[in-house]
Structures are given as C-alpha cells and as structure tokens.
Amino acid sequence: MTAATDMPGVVSGTIRRRKTGPDWSGALLNGYLLLFFVYMFLPLIFVVIAAFNAAPTPSATDWQGFTLRWFMELPQDTRFIQGLWHSLIIASGVICLSIPLGLSGAFLLTRLQSSAGTILYTILVSPILVPGIVLGVTTMIFWRDYFGLQAGLLTTVFAHTSFIASYCMLMFMARLQRQDPSLEEAGLDLGATPLFVFRRVTLPFLMPTILTASGLAFLQSFENYNTTFFAIGSSWTLVTEIGSRMRFGLSPMINAIGVIFIALTVIIAVTHTLMARKRA
Amino acid sequence: METLVRTYGRGLTALFIGLVGFWILLMIIVPQIRMIERAFTYEDRAGETATLALAIDRAYTEKFQLEQELSGLERAGPAVGQMPSAPSPFAPSMTMPSATPVAPAIPSLPTPGMVPSASAPSALSDEDRTARAEELRDQIATLDKEIAELEAKEDTSSGEAGMKERISLENFTSMSGLHLKIFAMTLLYALTVTICTFLISYPVAYAAAMAETRGKLTLILIGLVIPYASNELLRIFSWVMILEKNGVLNSLLDSLGLIDLAAGEGFRFVASNGAVFSVMVYAYMLFMVFPMYNTIDTLDKAQIEAARDLGGSIWKIHTRIVIPHAKPGIAVGSIITFMLSAGTIAAPEIVGRGLHPDWFSQLIYRRFFEADSWNQGSAYSLALLAACILFILINMAIFKVSVRDIAK
Chain P
1 MTAATDMPGV VSGTIRRRKT GPDWSGALLN GYLLLFFVYM FLPLIFVVIA
51 AFNAAPTPSA TDWQGFTLRW FMELPQDTRF IQGLWHSLII ASGVICLSIP
101 LGLSGAFLLT RLQSSAGTIL YTILVSPILV PGIVLGVTTM IFWRDYFGLQ
151 AGLLTTVFAH TSFIASYCML MFMARLQRQD PSLEEAGLDL GATPLFVFRR
201 VTLPFLMPTI LTASGLAFLQ SFENYNTTFF AIGSSWTLVT EIGSRMRFGL
251 SPMINAIGVI FIALTVIIAV THTLMARKRA
Chain X
1001 METLVRTYGR GLTALFIGLV GFWILLMIIV PQIRMIERAF TYEDRAGETA
1051 TLALAIDRAY TEKFQLEQEL SGLERAGPAV GQMPSAPSPF APSMTMPSAT
1101 PVAPAIPSLP TPGMVPSASA PSALSDEDRT ARAEELRDQI ATLDKEIAEL
1151 EAKEDTSSGE AGMKERISLE NFTSMSGLHL KIFAMTLLYA LTVTICTFLI
1201 SYPVAYAAAM AETRGKLTLI LIGLVIPYAS NELLRIFSWV MILEKNGVLN
1251 SLLDSLGLID LAAGEGFRFV ASNGAVFSVM VYAYMLFMVF PMYNTIDTLD
1301 KAQIEAARDL GGSIWKIHTR IVIPHAKPGI AVGSIITFML SAGTIAAPEI
1351 VGRGLHPDWF SQLIYRRFFE ADSWNQGSAY SLALLAACIL FILINMAIFK
1401 VSVRDIAK
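From first to last, the protein sequence lines stand for chains P and X. Taking the working numbering, the leading residue of the first sequence gets 1, the next gets one more, and so forth. Taking the working numbering, the leading residue of the second sequence gets 1001, the next gets one more, and so forth.
For reference, chain X alone in the conformation it holds in the complex (with noise of 0.2 Å):
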C-alpha cells in the first residue's frame, strides 16, 4: 500500500482504489450476493394469488345466488311492486345454503319460470317476503364489501409488495424431476465435451509447440486463431447446415445412395442432445487447444529429446515429461471448456431450432422470461454456478494449480 502511494500519490492511488471498489461491489460480489439472496427467498405468490382467486370466486357465486332469491322475491311480491309470476316449480327452501354450487348463469333472466333454485315467493306472506329481501340485500352488500377488500388485496399481491416471501429452499427443492435430470444431463455433456475436446486436441498442442520452423508454426497458428477467433455462433451454425434434414450430411448420404433425398428420407440430426454435444465439442474446442499449446510450448525440448535417446516409448515421453509439464495448460483448457459448455445457450438454442429437449441454460432462460419466476430462475443460475465453481476446485487439485495458474 505505501510503495502504492509513494509511486502514484494520494490522489490516483485513491481513484483506483475507488474505481476497483466499484467494479468489485456493482458488478462482481453486490449483484452476486442479490442473486444468491433471491435463490433462497421462496415466494409464495402463485399459491397467495390462486387462494384469493379462489375467494374472490366463491364470493361472487354466493352474490349470485342471493340476487337470484331476490330478483324471485321482488318479482313474486306485491310490495316490492311486481305482479306475481308463474310459481317457481321449486319447493320454497329458505334455508337455502350458499355452498349449493350454482352453474352462473345470465344474472337477469326474464322468464322466472327458468330460475333456479329460486325459493318460491308465492308460498310465503308479504311481510314474510319483505323481510327476506331485506334480510338478502344486506347480505348481497356484506358480500360487495368483501369482495370489494379481496380485490384490492389480489391487485396489490400481484405487485411486488404483496408478496409473501420467505427464507427457504424451496426453489431448490421444488426442482421438478424433469429439471433436475436435465441439469445433471447438463453436467454430463460438459464434463464429456471436456474430455472429447481434450482427447483430440492434445496431439494438434503438441504438434503446434513441437514446429520444427518457424514458418510451419506461423501456418498452424493462423490455422488456429481464425476457427478460435470467428464468432461462437457461426461455429455453431456452421454445423446445423451440415447436420439439417437438407444439410451437407444428408446429401453426403444421398449421393452414397444410401437414402434418397429427393423421396423424403434422411435424418433429422438437429435438435438432437447429440448434435448439440458434437456442435460444442467443435465449437469449444480450441479454448482446449490455446492453453494447452501454450504450456507445453514453455518445455525445454531436451527432456524430450533426452528420454526418446534413452529409450523411452512414445506413450511414457508424454505420460512423463509433456502431460505433467502441461498441467496447468490443461486444468485451464478444461476449466473454460466446462464452463462454456455447461453454461451455453447458444448451442442448445440454434442447434434445437425450437424443438429441441431442454438444455439447463435454457430452463433458466425460461424460468425467469416464462415462468417469470425470478427467485427460481436465480436458485437454478446458483446451482449451475455451484457447479462450475465445484469443478474447477476439483481441477485445481488434480492438477494442483492456484488460481494465479488458472487465469493468466
């Protein structure tokens, strides 16, 4: 800190400082922090918004059913001024229950004959009637107040203020089976993505650190850096043209007169789990390559030099001397293979044209834009995150590199 201030002054010594706090607290451990704080809040909004939908419901079929007693009342009696109708076929039930469920029908029907379950006025005195009307308008006004405060309530809940929100692990745990076998999948691929990309890039590193001349190097590193510097989504592109149904692949095997084109036939590769894993192994492959290729690049040629004069074979040269020297190189190559492919969208989204079954990017993409369920699209992004983080700890201790190896 003193050579800091000594070198640049208080003021720039300051102003970095300052500049570096904003960086590590808007963008880096802040916005972490919310989204972990948003995975384990649970909130209850779907099933506080259906419980009052299911109030609100209930209130107005019970609203319905007293202006229907009523509407009968007031066009049987006299004293609310109505000319008494065709009785009611129905048996006057005063005790009517609200609970009797009522299909709601049109409110005002302008045959009485067609209400049901109307008690029938015509059984009851004047005054019996009147009092029952009265005694149902200040019901039906009981009922307009109350759902008059649902109402109100529902329209705050669905605001953000309403909601009823916890401390839980609900989101993790209300992970649906589906979803949770679709992130293990996740997993799977990227851990063999990883292990593909590494198994055909080593030899291409080695060859590269290994160039005789300069100009051949030049030549491979061009070769190299063009693939690794053209867009991710054209690499992945580049590959549905070859495996679409009138993709290079179909015709491939048309023209081998193995199926026939023009009639229909040929594979729908896209959309597949499969094409999405051959896609990124070519599409993530020379973040394998680079790292590598730069490590073993570091080697004194001599050690290799020196064991094949002393009869070493082949498969010892690099289980010995190149893998172990290429360690770091390849904990990094891994590391961000992983990473990319375990946490693309690209891929799965191009690849699957709309069809294609989950990857769990996607079901986080869709937990938060469909299901518009922030908190579980959060705990999902945490958990993909976890996983990420678990495996580059395990890479750290298999190839027992720091995090100064790591990112270089």
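Only chain P is shown next, with the shape it has when bound in the complex (with noise of 0.2 Å):
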C-alpha cells in the first residue's frame, strides 16, 4: 500500500524536475485552454453587450449608447410575466412529482440486484437518453387519445417528469450507495417500525439530496424548450416565448432576459462549483 503510493510521488518528483525546462506541450495545452474559452464566452458577452446597447434591435457592434430600457420594459411585457408564472407553476409541479418518483425508483433500484433491476434500471433511465421532441411528442399524443386532455400546463408537467424524475433517481442511488446499511437495520432491530426508521434515518440521510434534485428539477424544468414546444400546445413558458422571439429577433429585451439568465447562472455555478471543491 504505501510503496504503490509512494511510487507516483517519486516519479511524479522526477518530472516536475524536468517540468524546470521548457514545457512545450503544457503551453500548448494552456494556449489551446484558453484559445477556448474565449470561443465559449465571446458569444455570450456579445449577448450581454448588446443588452445595455440603446439600438432597437439586438447589436454588439452598432453602438447608440448605454441604456437600460430594455430591462425597464420586461415587467410591462404581459406575456413574459405571464410566461414566467407558467414556468414556475410547471417546475413546482415537477419537482412535486419527480421527488417521490426518482426516490421510489431509488429505493427499488438500490434493493434489486437481480437481471429484473436491470431492465427496470434501463427503463427508467430511458427518458434522458431519448430526443426531448419525442418526449413531448409522446406525452402530447398519450394524454389526448387516452384522456382527452389538451396539451397544456399540465401535459408539460408529465413530459418534464417523465426524464426529470430520471435525473433524481440517479442523484438518489448515487447517495444511497453510501448509506450505511446497519442504522436502518439497528433501528429495525430495536423494534422501530419500517414507517418510523424511514422518516427518522432513510428520509433525513436523504434530506441534502433531495434539495440538490430539487433544484435541478426545477433548472432542467425551468430551461427546457424542445420538449416544451410539443407538450405545452397552444400556451407558452417563458423559454418557449423567449425561443419565438428569438425566431425574429426584434427586440433587445431579450437579451436583457438572457442578462438576468447569465447572472442568475454566473451567482449558481461558482457557489456550487466552490461548495462542490470545499466538500470534496
């Protein structure tokens, strides 16, 4: 153990030796890194650039100046505001559902060794490995013929979940897989019953879990448009009115919009990607 372990430590000594020299491929590497991230995020600060530009249609180039309008007008837009509520009734929806539905998945999952946990664990991934637009599409045709029910909010809500809920339960096994077995099988043993061990050990071990799926329920539920634009039918999410928008390209307002999403996803991925590092 310790002379595999002291091993890489000699040799990797040997070559940051040699590292003293010039290092040709390293530099490469750290030129092509950069090279890009400046393709990664050029487009975007263009996006964002253009935002605050007063001319009328969305230009980082044409420069007429600083203006903030176009974020003054988003709260007057109707059918932005309008489609906000929609997503956010949609993604609470989500998360209601695919919570329960990701742990059940879990539970059974982690359980099931057999070649039966395997075909379960195949269906049930399935919905992320499948094309958003036939997500939406199925749910649309499934929730009419046998329901008679209209793609609408409600439809969304069950196609979202549909690989939503496939997402959680992965998080869910992730987690599982490291639980310790024996409290639960301690509480068993000193006469809890299976309800009480599950609220009071399963459920509370869970507990950061599920947060962080409930949050990425409601981002993957929130951003969503190919499996949107089939499933909400004749109504609209912000995303979906962004995307049409998009179509023509008439206003800066929503690039303001794509302002506020950068700076939300800015504040989420360092606290994250910081939390992540510090955990680990």
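Worth double-checking, as some hints may not be accurate.
[What the hints assert, rightly or not] Just so you have them, the derived chain X footprint on chain P, three or more residues with Cβ under 8 Å:
#1 45-55
#2 99-111
#3 186-196
#4 259-266
[To be verified] To give a feel for the contact side, a few chain P residues facing chain X, derived at Cβ under 7 Å:
#5 Ile-133
#6 Thr-138
#7 Phe-158
#8 Met-246
#9 Val-270
#10 Thr-271
#11 Thr-273
Derived by calculation from the structure, the hints in this document are not laboratory data. Glycine residues also receive a C-beta, built at the ideal position from the N, C-alpha and C atoms.
Take each chain as given, in its own frame, and dock them per the hints.
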C-alpha cells in the first residue's frame, strides 16, 4: 500500500524537475484552453453588450449608447410575465412529482440486484436518452388520446417529469450507495416500525440530495425548450416565448432576459463549484 | 424484494412500487406504445374526404342541371301556369345526359334565353311537359336525399369516428424523397457535430483532469459550468448575433475592409445548414466535455508519467492510455451530443429565422401542427427515436459499455 502510493510521488518528482525546462506541450495545452474559453464566452459577451445597447435591434457592434431601457420594459410585457408564471407553476409541479418518483425508483433499484433490476433500470433511465421532442410528442399524444387532455401546462408537467425523475433517481441512487445499511437495521432491531425508521433515518440521510435534486429539477424544467415546445400546445412558458421572439430578433429585450439568466447562472455555478470543491 | 419489505415495511414498499408503476406506465411505456401504434396506423382520412367531396360536388351539379331543365319547362308550359317565353335556340334534348359538364351558374336566371342547354320546351306537348316535369322533380328529390346522406357522412368523417384506419407501413413509406433526404442529412449533421465536439473538447477535458493545482481546476470548472448551465436558447441566440447580416462577423469583415456593410454588402450566414451546424457544435460542446472529464479524472496519473518516462510519445500516451480509459465518458458524451443535435428544434428554429431549409425536428412539428397528421408525425418521431437508439447501441458495442455506465 505504502509502496504503491510512494511510487507515483517519486515519479512525479522527477517529472516536475524535468518541467523546469521549457514545457512546450503544457504551454500548448494552456494556450488551447485559453482559446477554448474565448470561444465559449465571447458569444455570450456579445449578448450582454447588446442588452445595454440603445440600438433598437440586438446588436453588439452598432453601439448607440448605454441604456437600461430593455430591462425596464421587461415587467411591462404581459406575455413574458405570464410565461414566467407558467414556468414556475410547471417547475413546481415537476418537483412535486419527480422527487417521490425518483426516490421510489432509487429505493427499488438499490435493493434489486437481479436481472429484473437491470431491466427496470434501463426503462427508468431511458427517458434521459430519448430526444426531448420525442418525449413531448408521446406525452401530447398519450394524454389526448386516452384522457382527452389537450396539450397545456399539465401535459408539460408530465413530459418534464418523465425524464427529470430519472435524473433525480440517479442522484438518489448515488447517495443511497453511500448509506450505511446498519443504521436502518439497528433501528428495526430495536423495535422501531419501518415507517418510523424511514422517517427518522432514511429521509434525513437523503435530505441534502432531495434539496439538490429539487434545485436541479427546477432548473431543468424551467430551462427546457425542446420538450415543452410540443407538450405545451397553445400555451407558453417564459423559455418558449423567448424562443419564438428570438426567431425574429426584433427587440433587445431578449438580451436583457439573457443577461438575467447569465447572471443567475454565474451565481449558481460559482457557489456550486466552490461548495463541491470544499466538500471534496 | 424481501430485503425491500424488511427495510421499508409492506406499506412503503407498496407505495414505492405503485409510484414507479405510475411513472413507467403513464409516462414512459404506454405513451411510447401509443406513438408506435399511431405510427403504424395509416389514416385514409384525406383520401376518403376527397372522394366524398367529389361525390357531393357531382350530385350538386346534376341537381342544378335538372333544376335548370325544370325551370325551363315551367316557363314554357301553360300547364305549369306560365307564359311561354322566347324559344330556346337549342334543340330539345330529352335524353340530356347528366354527365354533361355544366359550369355552375346563377340558379334562377331572369332571362330565359340565356339558360344553357335547357331543353326547348315549346317543341313538346303539354302532357309531355307535365310528365317530364314530374320526372324531373322526382329525380331532384332523390338527389336531395343523396346529398343529405353524403354530407352527413362527410361530417362524421372529419371527426375521428369516420376515419378509415388501417395498420400499415404507409406512414413511413409515404415519406417523400425530400423528407427522407432531410432525415438522412439531419442524422449526418448530428454525427458530424458529435465528431467535431469530440475533437475540440478532448484536449479541454484532458487539461481539466490534469490541472496541477486545485485553484486552476476550480477556475477551469467554473469556466466550463457557466456556459454549460446557460440556457440552450441563449447559446444559440448568441451565435445568431454573430452570424446575422448586421452581426459581429460581418462587422469584422467590414472593419477589415473586405466588405462594405454601409453599402448593403455582407453575407447572410444565418438560415443555412452550415450555420445550424456550427451553432450546434457550440451549443452542445460541453455535453461532451463533462463526461470525458469525469472519466479522465479517475485515471491514475502515474500511468501517464510512467509511459512518458519510458519514452512513450504524446500520441501513444493518448491512444493507448488516456482514450481507452476515457471510453465510457466518450460514449456518454457522444450519445448525449448526438441525441441533442438530432433532436433539437431550438437550433434550426432560431438560427433558421423562418427561412431555413427544414431540419427533421421541424418536419415532425409540421406533420403535427400544420399537416394535422398526427400518425405521420408519430411515424417521423419514431424514425428519429429509432435512429437514436441505433446510435446508442452502436456506441455501446464500439466502446464496450453497458447501460449502467451510460446513465450515471
């Protein structure tokens, strides 16, 4: 054990010594990385610039002065506000459904190790691997044909849940694999009812993951376009409304929304990454 | 199963099974089955309605001709209580075939001389005229009944009840050459996007996994997560701003003096297959980076250093050590990227700006909402689904990974 861990240390020591000379491949890799980040961020920066540009069509190059007008106009746009409400309603519905479904799937799968488990697993993760529009299409057809339910907010909740529950399930499974089964067994041996053990041992253990999974479910549902496009029917969410306006690109208001999205993303991404680093 | 009941008790186990059953049946299996069912059911709706409409038209034309003849008789004969008017210039034709095509005209013509092809009533005796009028009225009544029946039938057939359905492959085989070409091109583009994103993102994933210090790694990860977590539409739209006629790229060309934007020069980069392609490479790049990073990260760095010490070339180190180790990550990245690019409707809709030659996802949308042919739409989405499943299976075979490796 010690020999095995010592060896790489020794080797990397020699490598580090060699690296004092010019490390061309390392420099090349760093340069490439820099170029890649420029490629990733520059387009987003153009979106941000245009959001503050007074030019009436979104433009990053034709600078006509700084303005906050496009942000001020956002709350007056009833379709955006209505869409935002729809998105929030759908996302809450998705959380309420995905968490119990994901938990149930995870409980069943961690206790089933046979080939039945593999089949069940394949079925339950399949929605992740299916193109989003296919999920939208099947949900729309199914609820209309069998229940006479027209495409709308409710069908969108079902369409989102079908794959978001799979993501939640995978997160719960990862967490359950790190659970010490002896805790539950000890509780049962000491005469607690399974329900009591579930409430006092299993759920508290899963609580952090339930919170992260809810956050993920919310974001996934809120940001979804391809599935929603089919499942929403004649209604709309914030994102489908943005999408239909982007097609014509008439107003920098979409850039203003974009800036809000990017700002939220940066906050979430930075805190999440820093927290994950700290935990590791 | 026993351990399940022992740990959670009967009630909770039943609840879990019930919820998973609800999920599988109502959200996964039965909706898919319904789509497959529709895909293989050909509705002969258009054909039947068309035939009906034709029959109704024909009946109306016939009725109109008979009425013309009748009104001619009525005008001519005193037996029906009217003064004889100017004789028709046409010869009497008692056996006028109803099939004679008559352009529908205004039914009651005030000037009898203009009545086309009505028989010349003056050539007939009163009795004959009365008999003929009776005969015509009978015929018209029969036609009225026939029209009513046909119209009732037409009403029901526009609802689903009257639809003529049959199990067949026609929804697939009736795919026109153009649609088939779009299908093939969409898959080809998706495959190319997958390969391009792999080539571009492999060094990035490698660099992230090999980051020497924790600070550098954190910086790289944040840099990757921000564009990854930005909305898909935003990433697509950012490229529209670059590629548009008044966009960044043309401005750049303008400032280089290559084109003159003010004079209306400039390329319309958007709304082309190439534009959709490059936008997708950008938008789905990070779905390739993260799975690869996750697998390369678990590689024991000592292996690379050992190989380097033993004189292995960079090429050899990657093809013999890093890539074989990263196989599951590459498989996952490829599957996700391919699935997203083949199935996206956001990219072609937004980049296309309504002008773009179709992407297969847009065809599916139009089958449903413009052609109102849900069964054909189902067939098209089933074709897309089948292509994606095939791609997954090929990937699993090439990279020798299982489903459990893919979805983690």
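Each hint tested on the structure:
Residues of the region 45-55 of chain P lying with their CB closer than 8 Å to a CB of chain X number 3, which satisfies the three-residue condition for coverage. For a cut-off of 8 Å, the count of residues in the region 99-111 of chain P with a CB near a CB of chain X stands at 8, and the three-residue condition holds. Three residues within the 8 Å Cβ limit are the bar, and the region 186-196 of chain P against chain X gives 4, so the coverage statement holds. Only when three residues or more bring their CB closer than 8 Å to a CB of chain X does the claim for the region 259-266 of chain P stand; here the count is 4, and the claim holds.
Hint status for Ile-133 of chain P relative to chain X: holds, with the closest Cβ pair at about 5 Å, below 7 Å. Residue-level restraint check for Thr-138 of chain P holds (minimum Cβ-Cβ distance to chain X is 4 Å; threshold 7 Å). Given the 7 Å rule on beta carbons, the hint for Phe-158 of chain P holds: about 6 Å separates it from the nearest Cβ of chain X. The closest approach between the C-beta of Met-246 of chain P and any C-beta of chain X is roughly 5 Å, which is under the 7 Å cut-off, so the hint is satisfied.
Using the Cβ-Cβ criterion of 7 Å, the hint placing Val-270 of chain P at the interface with chain X is satisfied: the shortest such distance is roughly 6 Å. Because the beta carbon of Thr-271 of chain P sits about 10 Å from the nearest beta carbon in chain X, more than 7 Å, this interface hint is broken. The criterion of a C-beta within 7 Å of any C-beta in chain X is met by Thr-273 of chain P, whose closest approach is roughly 5 Å, and the hint holds.
Of the numbered hints given earlier, the model fails hint 10 alone.
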